[in-house]
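With the hints as constraints, model all of the structure from the sequences given.
Everything in the sequence shown is counted per this note's numbering, starting at 3 for the first residue and increasing by one.
Hints were generated in silico from the structure; no laboratory data involved. Even for Gly, the Cβ is constructed at its ideal location relative to N, Cα and C. Do not take every clue at face value.
To be verified - Distance windows between CB atoms, simulated:
hint: 1; residue 1: Leu-84; residue 2: Val-165; range: 22 to 28 Å
hint: 2; residue 1: Phe-26; residue 2: Gly-80; range: 38 to 44 Å
hint: 3; residue 1: Glu-120; residue 2: Ile-25; range: 20 to 26 Å
hint: 4; residue 1: Ala-163; residue 2: Ala-18; range: 50 to 56 Å
hint: 5; residue 1: Arg-5; residue 2: Cys-34; range: 27 to 33 Å
hint: 6; residue 1: Leu-23; residue 2: Glu-89; range: 40 to 46 Å
hint: 7; residue 1: Thr-98; residue 2: Leu-142; range: 36 to 42 Å
hint: 8; residue 1: Ile-63; residue 2: Asp-101; range: 55 to 61 Å
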Amino acid sequence: MNRLKAFLRNDDGVAAVEFALLIFPFLLFLFCILDMALMFFVDSALDSALHMAARDVRVGIAHSGNWDLDRFRSAVCGNMALAFGCEDELLITTTTMSDFSSMAFTSAVSGGVLSVTESFSPGSSGDYVMIQAFLPWSSLLAKIGANVNTLADGSYVLSAAAVFRNEPF
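What follows is the structure, encoded as structure tokens:
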């Protein structure tokens, strides 16, 4: 009986046991924070890159250079920091209209599937143009079973949009 009492009073290795119990949740929490930070950074970079490329549309460079969808996608991805698979994954759609009242926004996600009909039209001088870009993003959170995604495959959709009126050119 004395040996049992001595064993129960022994506190050697308590810190190691506490460390072993807490290190996995702590590291998981830390990696999820880093994953979210990277996702927000790439989302911000996508927004900035789209606005930089949209400026070329607004001032007529894309119109006079006969840009197509691939050329515009290259312009967006070329301006983007940490463009992980941007050229292969980025989906772009443009809408050209004569006034803002005819603008209609539709969601790119339908039933857990990213469904975008890609198009690129720089419009003419004075046209209103809406350019939307969508980038699927796989996340660590989806891999651990966190049900906070937007797509059926467990990935998010990073998106950016630019709405402007073309300058006279």
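Comparing the hints with the structure gives:
{"no.": "1", "hint": "Leu-84 - Val-165: 22 to 28 Å", "result": "holds (25 Å)"}
{"no.": "2", "hint": "Phe-26 - Gly-80: 38 to 44 Å", "result": "holds (40 Å)"}
{"no.": "3", "hint": "Glu-120 - Ile-25: 20 to 26 Å", "result": "violated (46 Å)"}
{"no.": "4", "hint": "Ala-163 - Ala-18: 50 to 56 Å", "result": "holds (52 Å)"}
{"no.": "5", "hint": "Arg-5 - Cys-34: 27 to 33 Å", "result": "violated (45 Å)"}
{"no.": "6", "hint": "Leu-23 - Glu-89: 40 to 46 Å", "result": "holds (45 Å)"}
{"no.": "7", "hint": "Thr-98 - Leu-142: 36 to 42 Å", "result": "holds (39 Å)"}
{"no.": "8", "hint": "Ile-63 - Asp-101: 55 to 61 Å", "result": "violated (24 Å)"}
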